[in-house]
Structure formats: C-alpha cells, structure tokens
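Chemist: Note that the protein sequences, when read in sequence, are chains A and B. Take any residue in the first sequence, note its place counting from 1, add 3, and you have its number in the working numbering. Take any residue in the second sequence, note its place counting from 1, add 292, and you have its number in the working numbering.
Bear in mind the hints are in silico, worked out from the structure with no lab data behind them. Please note: incorrect hints may appear among the correct ones.
Claimed, not checked - Taking lysine to aspartate or glutamate and the DMTMM-like style, the derived pairs with C-alpha atoms no more than 20 Å apart in a straight line are:
(1) B:K342 / A:E116
(2) B:K342 / A:E114
(3) A:K78 / A:E66
Here is what each chain is made of, one letter per residue.
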Amino acid sequence: MHEMSLAENVLQIIEDAAHQQGFTRVKTVWLEIGQLACVEQESLRFGFDVVTRGSIAEQARLEIIETAGQGRCEKCAQSFPLAALYEACPNCGSYDVKVTCGNGMRVKELEVE
Amino acid sequence: MCTTCGCGNGQTLIGGHALRQQRKLDGPMRFRSHDANADAPDVSTSRIVKLEQDLLAKNNGYAEANRRYLSAHGIFALNLMSSPGSGKTTLLVKTIAALNGTPPLAVIEGDQQTENDAARIRAAGAPAIQINTGKGCHLDAQMVGQAMQQLGLQDDSLLLIENVGNLVCPASFDLGEAHKVVILSVTEGEDKPLKYPDMFRAANMMLLNKCDLLPYLTFDADLAIEYARRINPALQVIRISATSGEGMPEWLEWIREGCRNAVAAKLEASLG
Numbered sequence: 004m005h006e007m008s009l010a011e012n013v014l015q016i017i018e019d020a021a022h023q024q025g026f027t028r029v030k031t032v033w034l035e036i037g038q039l040a041c042v043e044q045e046s047l048r049f050g051f052d053v054v055t056r057g058s059i060a061e062q063a064r065l066e067i068i069e070t071a072g073q074g075r076c077e078k079c080a081q082s083f084p085l086a087a088l089y090e091a092c093p094n095c096g097s098y099d100v101k102v103t104c105g106n107g108m109r110v111k112e113l114e115v116e
Numbered sequence: 293m294c295t296t297c298g299c300g301n302g303q304t305l306i307g308g309h310a311l312r313q314q315r316k317l318d319g320p321m322r323f324r325s326h327d328a329n330a331d332a333p334d335v336s337t338s339r340i341v342k343l344e345q346d347l348l349a350k351n352n353g354y355a356e357a358n359r360r361y362l363s364a365h366g367i368f369a370l371n372l373m374s375s376p377g378s379g380k381t382t383l384l385v386k387t388i389a390a391l392n393g394t395p396p397l398a399v400i401e402g403d404q405q406t407e408n409d410a411a412r413i414r415a416a417g418a419p420a421i422q423i424n425t426g427k428g429c430h431l432d433a434q435m436v437g438q439a440m441q442q443l444g445l446q447d448d449s450l451l452l453i454e455n456v457g458n459l460v461c462p463a464s465f466d467l468g469e470a471h472k473v474v475i476l477s478v479t480e481g482e483d484k485p486l487k488y489p490d491m492f493r494a495a496n497m498m499l500l501n502k503c504d505l506l507p508y509l510t511f512d513a514d515l516a517i518e519y520a521r522r523i524n525p526a527l528q529v530i531r532i533s534a535t536s537g538e539g540m541p542e543w544l545e546w547i548r549e550g551c552r553n554a555v556a557a558k559l560e561a562s563l564g
C-alpha cells in the first residue's frame, strides 16, 4: 500500500507547481501510470482523495491514463506487448526480457484556475 | 490515513526522533487571492499546465544524495527485503558475528513498531538505529539519509539496511544502496517470485534462507530459483541457512568483495 506515499508525492508535485505558476485551484489531474508500475489504481484514487482534503486539489478529478507494458527480448531482440513481468518472449520463449515501456509513473498535466 | 492497511505519514521515528520534513505536506498553503493581486491570472478561466513529472522523483533525489555520500566514503550498502518472518534479522545477527568487525558495519532497522530488532543487532555487537515507520509500509530514501547521519558511519564500512517486512512496497523505493537483496525462505511458497515479481525484478541477489529445513518440507528449491530467474535472469542466488551455516561463506565473501570494490572505487575517484 505504497499508493498512499505516491498520492502524497502527487500532491507535493501539484503544490510545487502552484507556487511556481501561481494557480489556486486544481480541477483535473492527469496521471500516467504504467501497467507494470506496481500500482493499484483504486488504492491510488483512495489515497489521492484522502491526501488532497483541505488542499488546492480538493475534489479535483483524477484521470489515470494507463500506459501499456512493452518488453524487448534480450535474446532475439523482438519487441512485444508485456502484460506481466513473468511473461516469456512470444517469439523465442526466453525470459530474458527487458521492460522498455509501461513501468513509469508521472503527473502528466493539470487543469487549473 | 489509509483504512486498508493504515499507511500514512506523520508517525515515522528514527532512533526515537521524528522525521524532519522539509515541508509539511498537510500544512496550510498560502496563496494570494484574486482580489488582492491584480497581476494574478483570471481565476474564472481554466488552463492546462503540463508537468510530466515522475512520482518518485523526490525519493530518487534523496536516494542519489545517499548514494553519493556512500560512494565518497567507500561504504558498501545493502537493502535487505523480504516478507515478514523470512529470517532477515537472524541472518543479520549471524552475519555480524561471522564478520567479527572486519569490515566495520552498522545497521538500519526498519519496522512499523518496536525497537526489538535494533536491540537484537546491538546485542550482536553492531551499532544500529531503528526506523519506526508507524503506519508506513516501506523505508524511503529520506528516512535512510537521516538515519545515516544519526548513525555516524565509518569510512570503508558496510551498511546493512533491513527494510520493513513486505514483498511489495519496498521494491519501488530506491534508498541509495549498492544492491537490493531479497530473502525468500523455504517455508514460503516456491511461486512467491511469480506472485511478487516487482521485488524479484528489483533485486540483484536472492538468499534462499532456512535451507536446513528442506528435508522436512515439500518445497522445491530448484523450482523457486527457476521462477525467480524467469522474473530476473541475472539474479544471483545463494542457498543459505542462518541456523546451520550452509551458504554463509559464499554470502560473506560476496559482502567482502562488495566492500573491497567500494573502497577501490572511492580511491579511484579521489585520484581521478
């Protein structure tokens, strides 16, 4: 349940941006969360609701954009969609797979006023 | 505060002292009101602010600072992670006894509550500091940085960080360590690496612990290692038992080699 810490990080990024860019209310937050990022989206939504109470992002809409996992086989160099970390290369069956996409977590943008 | 597992901020203690926050997250934020400042943007108009900021950037910044400090002082740091009850603390106690002061070492203990583990480590003869995460489920790099300061680490030493017993959350938080070590005990299931892949992906070394119990169990050690290497083909594995001493020489040599490399890298950096 590190999603609570992640939600606190989201709020801190928002508050830092508010200081720098002078907005006073956040209406929508777009997060980009990788499919392989070890994040439970419902827990993150719950954490976001809790930590934003009384902040400039209170009642902000949270939009989570899930980015698909992608891997590249280190043996045969094939790239393929990767839904879980334990999947083998569909081309050669090797488990030596490097995650090339879908393990990141970012605050993408905000709608503010 | 999370009502699922109780995670949250504000109750972290490091050696009994509260964590120093750079800025209080839940403190009142002061902003100029629209009326008070004619230069402020029109609040009735929404606009989009592009950020593209990594959620773990703050932790990663603290972790990099820890890593710089550790490498500048020739300190080899390991982050030990496992589920509760895998035998981490017993393994640490045996490791401390076997190393017998060479290299000098210190321990950071992470648990939600109690000083029990730090007390066990001190009784084994090593300086230790306890981080109580309160309701938090993992150590982060800021806590570890402050614990490192309080411990007063020796140059050219070993730092062992025992993370909170949890196979999920600690995997995402870099502490500035040289290696993450995951401990799996044979009293767990062989398929734990598949069930908790992030942890086994993040680690460089797996200790398969309590191997002295294998004759009494149906646990298939080869299968557990195969599963772990499906997740992480480069994972090093040592079959070990803190009780019988099996695998301890290999583990101690791996630690000593890491320490020698850390000292050598420090000297090289100071000459370069």
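Chemist: Determine for every hint whether it applies to the structure shown.
Modeler: Going down the list of hints, with the structure as the test:
1. B:K342 / A:E116: Between K342 of chain B and E116 of chain A the Cα gap is close to 14 Å, so the pair holds against 20 Å.
2. B:K342 / A:E114: 9 Å, holds
3. A:K78 / A:E66: Cα-Cα ~37 Å, so violated.
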